[in-house]
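Asker: Take a look at the letters that make up each chain.
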Amino acid sequence: MSDLAAGGTPAVPTVPRRAPITMIGPVAWARANLFNNWWSSAITLAMIYLLVKVAVSFVSWAFINAIWVVPVSPAGVANTEACRAIAGVGACWAVITEKHRFILFGTYPYEQHWRPAIVCLLFIGLYVVSAMRRFWRWELALVWIAVLTLIGVLMWGGILGLSYVPQERWGGLPITLILATFGLAFAFPLAILVALGRRSKLPAIKALCVLYVELIRGVPLISLLFMASVMFPLFLPEGLNIDKLLRAQVAIILFAGAYLAEVVRAGLQALPRGQYEAADALGLSYWHKTGLIILPQALRLVIPPLVNTFIGFFKDTSLVLIIGIFDLLTAGKTAIIEPAWQGFGVEVYITLGVIYFVFCFAMSKYSSGLEAEFNRHRRR
Amino acid sequence: MSAAETVASSVRKGVPAITLAGVNKWFGALHVLRDVNLEVAMGERVVVCGPSGSGKSTLIRCINRLEEHQEGQIIVDGKELSNDIRSLDAIRREVGMVFQSFNLFPHLTILENCTLAPIWVRKMPKKEAEALAMEYLERVRIPEQAGKYPGQLSGGQQQRVAIARALCMKPKIMLFDEPTSALDPEMIKEVLDTMVMLAETGMTMICVTHEMGFARTVADRVVFMDRGEIVEQGVPEELFANPRTDRLKTFLSQILRGH
Ligand SMILES: Nc1ncnc2c1ncn2[C@@H]1O[C@H](COP(=O)(O)OP(=O)(O)OP(=O)(O)O)[C@@H](O)[C@H]1O
Ligand SMILES: [Mg+2]
Numbered sequence: 001m002s003d004l005a006a007g008g009t010p011a012v013p014t015v016p017r018r019a020p021i022t023m024i025g026p027v028a029w030a031r032a033n034l035f036n037n038w039w040s041s042a043i044t045l046a047m048i049y050l051l052v053k054v055a056v057s058f059v060s061w062a063f064i065n066a067i068w069v070v071p072v073s074p075a076g077v078a079n080t081e082a083c084r085a086i087a088g089v090g091a092c093w094a095v096i097t098e099k100h101r102f103i104l105f106g107t108y109p110y111e112q113h114w115r116p117a118i119v120c121l122l123f124i125g126l127y128v129v130s131a132m133r134r135f136w137r138w139e140l141a142l143v144w145i146a147v148l149t150l151i152g153v154l155m156w157g158g159i160l161g162l163s164y165v166p167q168e169r170w171g172g173l174p175i176t177l178i179l180a181t182f183g184l185a186f187a188f189p190l191a192i193l194v195a196l197g198r199r200s201k202l203p204a205i206k207a208l209c210v211l212y213v214e215l216i217r218g219v220p221l222i223s224l225l226f227m228a229s230v231m232f233p234l235f236l237p238e239g240l241n242i243d244k245l246l247r248a249q250v251a252i253i254l255f256a257g258a259y260l261a262e263v264v265r266a267g268l269q270a271l272p273r274g275q276y277e278a279a280d281a282l283g284l285s286y287w288h289k290t291g292l293i294i295l296p297q298a299l300r301l302v303i304p305p306l307v308n309t310f311i312g313f314f315k316d317t318s319l320v321l322i323i324g325i326f327d328l329l330t331a332g333k334t335a336i337i338e339p340a341w342q343g344f345g346v347e348v349y350i351t352l353g354v355i356y357f358v359f360c361f362a363m364s365k366y367s368s369g370l371e372a373e374f375n376r377h378r379r380r
Numbered sequence: 001m002s003a004a005e006t007v008a009s010s011v012r013k014g015v016p017a018i019t020l021a022g023v024n025k026w027f028g029a030l031h032v033l034r035d036v037n038l039e040v041a042m043g044e045r046v047v048v049c050g051p052s053g054s055g056k057s058t059l060i061r062c063i064n065r066l067e068e069h070q071e072g073q074i075i076v077d078g079k080e081l082s083n084d085i086r087s088l089d090a091i092r093r094e095v096g097m098v099f100q101s102f103n104l105f106p107h108l109t110i111l112e113n114c115t116l117a118p119i120w121v122r123k124m125p126k127k128e129a130e131a132l133a134m135e136y137l138e139r140v141r142i143p144e145q146a147g148k149y150p151g152q153l154s155g156g157q158q159q160r161v162a163i164a165r166a167l168c169m170k171p172k173i174m175l176f177d178e179p180t181s182a183l184d185p186e187m188i189k190e191v192l193d194t195m196v197m198l199a200e201t202g203m204t205m206i207c208v209t210h211e212m213g214f215a216r217t218v219a220d221r222v223v224f225m226d227r228g229e230i231v232e233q234g235v236p237e238e239l240f241a242n243p244r245t246d247r248l249k250t251f252l253s254q255i256l257r258g259h
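For the record, the sequence lines run as chains A and B.
Just so you know, we're using the UniProt record's numbering here: the first sequence kicks off at 1 and counts up by one.
Just so you know, we're using the UniProt record's numbering here: the second sequence kicks off at 1 and counts up by one.
This is chain B alone, in the form it adopts within the complex (with noise of 0.2 Å):
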C-alpha cells in the first residue's frame, strides 16, 4: 500500500474538497507545474514543502486562479476552474487566501479590511458584517486594534489580521502562501497557533509553509514539491523519517541544518 493510499483512507470520507489532474503550467519557457495531481478532502489539512522555486505558489494560486494553469482539470468544491467569469466568482468566495506579504488594504482600517468583502460580495448588512468581524478579530487575539490602520500594526498582528479578514468570508477552504516568512522569529509563534486553532475547528487547509514542527501537529499529509513535481507525499512522520527520494533527503537535511 502506497502512502498516498494509506493517507487517502485515514481522512475524513466525502467529496473532495479540491482535486487537481493533469495539471500543466508554463511561465512562457519555463515549466513550472509538471503533471500535477492532487485530491484533498473535506476537512484535510494538507502541508506543501519544497526547495525554492519549485512551483508551491503557483500550485496553490492556481486553485483560486490567481494564477491561469493551461492544461489539465482543477475542481474546487465540486466546480470546476474556467474562464466563465460566474463560476470563478463563486469559487473564490469560498476559497480563502493568506499571503507572505499580508496584502491588507492599507487605507482601510482592520475592521474595515474585514468586513469589506462581506458587505460587496456576501451583501451582509453594515452590522452583521461588522459583529462578524469583531468575532473573527477576537479568535485571533486583537479585537482591540479594530479601528487602527494596517500601517500602526506589527507584522504577525497584521498576518492575524489577514487571516480574521480571510475567514470573515466562511470561506470552506484556506490557501496559505508560506503565511509566517516575513515575520520576525517572535511572532512566528502568534500566526501558527492561530493556524493551529483553525485547524483545530475542522477548516480544509493547504499550507506552504517550511514550518515542519507546524506540519508536525498539524498537518495529515505533506506534499513534497520539486522542479514542478509532486516527488513525495504522506503522512508527515512517516515522510519525514523515511525520505524515499534524494531530493527529499536533501532537502530535508537543507532545512533541518536550517534550523
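Looking at chain A on its own, in the form it has when it is part of the complex (with noise of 0.2 Å):
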C-alpha cells in the first residue's frame, strides 16, 4: 500500500459519481434509439402519427359517440334503433348495461344471482389471500376446503334455505372460475407427482406417468371433452350419471396435468446432480429431499413457463362451450342471440376480452414479483 503510494497513485480514492444525464436518460434513450438517423426519425415520427390516430378513432368510438342505454319496452324488449344508426360510428355499450348480468351469471336464475355474485367474490378472495406469502402456512389448505364447500352450497343451495339450482342452470364467468380453480389446484399436485414419477426407478411407475403424459399430449383438449361428454357416459354402468360439468372438469385436469408436469420435470432435470447428493448424503429420505429441497428449488426455476401454461390453461377453459357448458364466453355469445342485440359482438368480445385479460394480467404480473422475489438468493 505503501509503496503504491510512494509510486505516484493518489492517496485520496476518487468519487463515485453519476454518469452525465445525455449518457443515461430517457433523452439520450431517445436519441439512441429513436432518432440516430434521419431514417429512423422518418420511421418514428410515422409510428406516432399512425398511434395517435388509432387511439384519437378509438375514444372517439368507444367513449365519445358511444351509447350507454337504450329505452327497453315494458316487454322487456329493447330499441336498438339509436344504436344502430351509429353502428361503425361509436359504440353500443347498452349491450353490455342491459346484458351483463346474463353474461356473468349465465342462466342462473335472476333473482338469485347475488349467489354466483358472491362466488366470484369469494374466488377473487381466495386468489389475493393465497397470493400473499404472509398466508402460506398449512392453514391454508382449510381456508380453501372451507371455501370451496361454501362455494358449492351458495352455488346449489338446497339447503339453508336456499332454493336448488341444479348445475345445467349454473352459467358465466362462476364457471369459468370453477373449471381453472379446481383444475389448478388438482393438475398442479397431479403434475409434481407424474413429473416425479417420470424419474422414478421403478419401471412400472416410470411407464404410466410417460403414457399418461404422451397419450393426453397427443389429443386435443376438444376431442378430451368431447370425450369425456359423449363416450364416457357409455361406459358407465346404467343409472350412474356424472355430472356434465365435473366430468368436463375431470377432463380439463388430465389435460393441463400432462403439460404441467413436463413444465415441472425441466425443473427437475435443471437441477445439478449434487443437490440430490448433498441431501442424500444428510440421510434425507425421498420425500424430505424432494420436499425440502428439489421441489423448492426446482419449481422456482419454472415459475415463468409454469405460469404461462396456468394461463394458456385459464384461457382454454372456454373451450367447454362445445360441449354445452355454459362458460364466461359462452354466456357472452348467447347474449347475443335475441334479435334485438344481433350485431352488437364487438362490445360483448371487447368486454370478455377485458375480463380475461384482468386475470390473466394479474397471474403475470404476480408471478413476476414472485419470480423476483424467489431468485433473491441468487444474487449476491
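Source of the hints: derived by calculation from the structure; they are not laboratory data.
Treat the hints with care, as some may be off.
Claimed, not checked - In silico DSS-like pairs for lysine-lysine, Cα to Cα no more than 27 Å straight-line: (1) A/Lys289 x B/Lys79; (2) A/Lys289 x B/Lys170; (3) B/Lys189 x B/Lys148; (4) A/Lys289 x B/Lys172.
None of the values given here were measured: they were computed from a predicted structure.
Assembling the complex is the task here: the two chains are given apart, and the hints tell you how they should meet.
Answerer: Written as C-alpha cells, this is what we have:
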C-alpha cells in the first residue's frame, strides 16, 4: 500500500459520481434508439402519427360517440335503433348495460344472482389471500376447503333456505372460475407427482407416467372434452350419471396435468446432481429430499413457463362451450343471439376480453414479482 | 512386517469403522474398483490419493452408497450396506460427506442449511438444532454469516459451511472428496485448518486430497490408488519417502512438480 502511494497513485480515492445525464436519461435513450439518423427519425414520426390516429378513433368510438343505455319496452325488448344508427361510428355499450348479468351469470335464476356474485368474490378473495406469502401456512389448505365448500353450497343451494339450482342452470364467470380453480388446484399436484414419477427408478411407475403424458399431449383438448361428454357415459353402468360439468372438469385436470408435468420435469432436470447427492448424504428420506430441497428449487426455476401454462389453460377453459357448458364466453355469445342485440358482438367480445385479460394479467404480474422475490438468493 | 500391518497395529484399538472386503464396481464396461480391501478403525484418519480417474471418488461415494458397488462387502459402523433403505438411512446418518463443489442448498440460509437434517432426520427441536448449528458455525469460524445465503459467501466460506452442515448431524465418520480442489489458493488454507481442527477432535476421516502437507500432518495412513486398485498404503512419511511401486513414484514426482 505504502509503496503504491510512493509510486504516484493519488492517496485520496476517487469519489464515485453519476453518469452524465446525456448518456443515461430518457432523452439520451430516445436519441440513441428513435432518432439516431434521418431514416429512423422518419419511421418514428410515422409510427407516432399512426398511433395517435388509431387512439383518437378508438376513443371517439368507445367513449365519445358511444351509447350507454337504450329504452327497453315493458315486455323486456330493447329498442336498439339508436345503436344501429351509429354502427361503426360509436360503440353500443347498452348491450353490456342490458345484458351484463346474463353474461356474468348465464341462465342462473335471475333473482338468485347474488349467489354467483358472492361466489365470484369468494374466488377472487381466495386468490388474493393465497397470493400473500404471509398466509402460506398449512392452515391455508383448510381455508381453501372451507371456501370451496361454501361456494358449492351457494351455487347448488337446497339447504339453509337457499333454493336448489341444478348444475345445468349455472353459467358465466362462476363456471370459468370453477373450471380454472379446481383445474389448477388438482392438476398442479398431479403434475408434480407425474413429473417425479417419470424420474422414478421403478419401471412400472415410470412407464405409467410417460404413457399418461404422451397420451394426453397427443390429443387436442377439444377431443378430450368430447370424449368426456359423449363417450365416457357409455362406459358407465346404467343409472350412474356423473354430472357433465364434473366430466369436463376431469378432462381439463388431466389435460393441464400432462402439460404442467413436463414443465415441472424440466425444473427437476435443471437441478445439479450435487443437490440430490448432498440431500442423500445427509440421510434425508425421499420425501424430505423432494419436498425440502428438490421441489422448492425446481419450481422456482420454472415459474415463468408454469405461469405461461396456467394462463394458457385459464383461457382454454372456454373450450367447454363445444360440449354445451355455459362458461363466460358461451354466456357472452348467447347474450347476443336475441334479435334486438344481433350485430353487437364487438362490444361483448371486448368486454369478455377485458375480463379474461384482467385475470391473466394479474397472474402474470404476480408471477414476475414472485420470481424476483424467490430468486433473490441467486443475487450476490 | 508389511506397511499395512504396522499401521493397523499403531491405530487405536476397537471395532473397525469401515470395512471394505473384495469390493468391485463397474460403470458399464469400465472396471472402476478392482478388488478393494480396506479397513478403517474408529478414530483413524486416512488420506486417499492417486491420479485422476483412478476411482478415489467412486471409492468413498460407495461408503455412503451414493454409488452402488456390485461385488463384495462394505460394512459401515457395524452395518452392512445393502438395498435395505432403512439400514441405508441409518448409515447415512452416521456418515457425513463434504463435496468438491460444496453442494450447499442455495435456497436456504446458512443456518437453515445446517439445521435442515438435524430437524428432519434427527427430529431435533428447532431451537436446539439452531443452537447446535451456531456452535458448529462458530467452530468453523463463520457464525456471523448464519443469516446469509450460500451464493453470498466465498468458496472457502461455503466449504466451511458444508463441513459444519455435515457435523451438525454428529456423524461418527466424515468423508471428504477433494474439499479444496475447487478453491482459490488463498482459501485452501482456511479449509485445511478447519479439517486439521476436526482431526484433532478424534473424528474418523477418509479424505481424498492431493494436499500432501495435510496428509503429513494429519493422516495416520495414506492409501494410494491407481486404475481402481489400492496399490500401496502406509504411514505418510514412510510412503512418501520410500515409494515401492513405480506407479507411486511417478505419481509423487508429478504431484511434487505440480507444487
Ligand atoms: N457416473 C459415472 N458413469 C460412468 N463413468 C463414471 C461415472 N463416474 C465416474 N466414472 C468414471 O470412473 C472412473 C473413476 O472415476 P472417479 O471419479 O472415481 O475418479 P477420481 O479418482 O475421483 O478422479 P478425479 O481425481 O479426477 O476426481 C473415471 O474413469 C470416470 O470417468
Ligand atoms: Mg474425484
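Asker: Regarding the pair A/Lys289 and B/Lys79, is the alpha-carbon distance no greater than 27 Å?
Answerer: The given pair, whose Cα atoms are some 23 Å apart, holds under the 27 Å limit.
Asker: Between B/Lys189 and B/Lys148, does the CA-CA distance stay at or below 27 Å?
Answerer: holds, 23 Å
Asker: Taking 27 Å as the top limit, are the C-alpha atoms of A/Lys289 and B/Lys170 close enough?
Answerer: Within the cut-off at roughly 19 Å; holds.
Asker: Does the structure keep A/Lys289 and B/Lys172 at a Cα separation of 27 Å or less?
Answerer: Roughly 22 Å between the alpha carbons, so the hint for A/Lys289 and B/Lys172 holds.
Violated hints are absent here; each numbered hint is respected by the structure.
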